[in-house]
Amino acid sequence: MKLKNLLIAAIRSLAKNKMRTFLTMLGIIIGVGSVIAMIAIGQGSKKSIQAQISTLGTNVMMIWPQASSTGGVRMEAGTSQKMTLEDVKIISERCPAVAAITPQVRSSGQLVAGNMNWRTSVYGVYPEYFEIRNLKLVSGSVFTMNDDRSAAKVCVVGQTVVNNLFGEDSDPIGRFIRINKIPFKIIGIIESKGQNAFGQDQDDIVIAPFSTVQKRMLAITHIQSMLASAKTEALIPTASQEITEVLKAKHQLGPSEDPDFTIRTQTDIAKMATSTSGIMTILLATIAGISLIVGGIGIMNIMLVSVTERTREIGIRMSVGARGRDVLLQFLIEALMISLLGGIIGIVFGILVSQLIAMILMWPVTITADSILMSFLFSSAIGIFFGWYPARKAAQLNPIDALRYE
Amino acid sequence: MGDVDVHALRGVNISIQQGDFVAIMGKSGSGKSTFMNILGCLDVPTRGKYMLDGVDVGALSKDQLANLRNLKIGFVFQSFNLLSRTSALENVELPLMYNRKITSREMRSRAIQALESVGLETRAHHMPNQLSGGEQQRVAIARSLVNNPVVILADEPTGNLDTRTSLEVMEVFQELNRRGITVVIVTHESDIAAFTKRNITFRDGKIIKEIEVNKPRNAREELSLIPVTVEEDEL
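Going down the list, the sequences are from chains A and B.
Read in my numbering, the first sequence has 349 at position 349, and its numbers run on one by one without any break.
So my numbering is basically just the index in the second sequence, starting at one, shifted up by 1000.
Only chain A is shown next, with the shape it has when bound in the complex (with noise of 0.2 angstroms):
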């Protein structure tokens, strides 16, 4: 039989029957709209953990110095002196795959301006920090090389700062705030970012050029850690790898020898981040594709009955020349449609609900191309799978006992 002519029959047959092809079908419905709309709100929740780890900056990597040790005995990590501002000159000229660097030194201080005052962490880097973090100024500029060589009292504020110092609404540009007695002048307000993954306050700080807290703040050599940003997202193992490399030779370490710092890469925070909200997706999945298979049963139920009422059908089809194939394919095709219509009225019907979820709970929800064609594929294969048993069994049916059939 040609498959137009297949198609026209399975469709007839399945419009005889409409309320029950309704019904399997809604098993079929459900299963797939379950799916879509689970994955959807896994991924939406991924994609907002994600979004807030952006705020970290671009390709963002960190690189701390290990833990100290006197004679066996570790201390904090961080607390090597080893990290010199060498090391962040020689990354930046040996590793091509690093976009820019800068050496990072935090001291806290107690900020003052007129009758206010108020806490924070002052970090001192080099300008490259505000592009690595990718920090934008609401108003004023950032501080140069020139600044950190001369180690002027200049500094970038938030905006909590700005809110505690000055009051909301204020522009305190070009005006003077005492951290720790020493006078500084605001020359940048940076944009707002919110609260981090982590709910950190991520407009609380002071930003001062390196050489400024390092000599005049804290009065110490070596440097706390870096901040470098690879070239791009795919670029951030190599990065790795290379400034792994470079700083190793530095420390005079052999290749088997334990580095003495940490790197720790944007890549591997989201991962931690997010494998959470991955064990949900797949978990939500996982309950969505068994009530899919559930549908699934639904059909081969159906289209067993369909075969035990149809025998005379097959019976008479076989008489006028019908081959086993043509039954099994007919039978088949009837599962495939119940099972295909289902899956494009599910993907439908998924989309609707994650939307309704997304308008009502307010949960961020993200449909994506790669759940729908994953279901889509899905309900054909189990419309072929539950659907061959039943076709098989019509295919085979001798034509003599399948005409007398009452």
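One-sided excerpt, in silico: chain A residues whose CB lies under 8 angstroms from chain B:
(1) 16
(2) 313
(3) 316
(4) 319
(5) 322
(6) 323
(7) 324
(8) 399
What the hints contain is simulated information worked out from the structure, not anything from laboratory work.
Where is the CB? At the ideal position from N, CA and C, for every residue including glycine.
Assemble chain B onto chain A, guided by the hints.
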């Protein structure tokens, strides 16, 4: 295997020529159904040979048998066996659906032609439950001849019909036979067998009687003698 072999037929040697009109008679259990199943390529003989249009049917696979039924045989059954909720035209088209060489346009025109030859072209779009028993059987006959078979096999075609509609059905068979189509019918009514050219009687799997009908009855003449009933007047 472990079952007792039942010889439904034994020692049957028969030859049906093109253009013949044969009635197979006998009581139930006489072997006439098995004989018809073999003629119709629904069954193959365990021993012996059946040659249909020059082909040894016994040596064929299931698919080849189906193909043979599709191209060379037309079936008419006692209980009509039309597909329910399927129009007369679509029922007639059914055998052509399984013939890959026929286009849908040809399918349609041949089905209409077949319906015309049984006088039902005006009922093409009726469903079987909207047709009388006689009309349903005529649709079934149209279906059996739509593929230009070498033989039409009818199993008790008048078994479920009253006298008048039986005559109508027999008239169609006689007309088809006049056009050169070979027809074999199974019947246990001797007055129906009297419309054919040759009567073969089975008992216990053997042919016990084989006679030529000297002067077959003429269904058309007899129909014209019966007063026209209220429900039908298509003479």
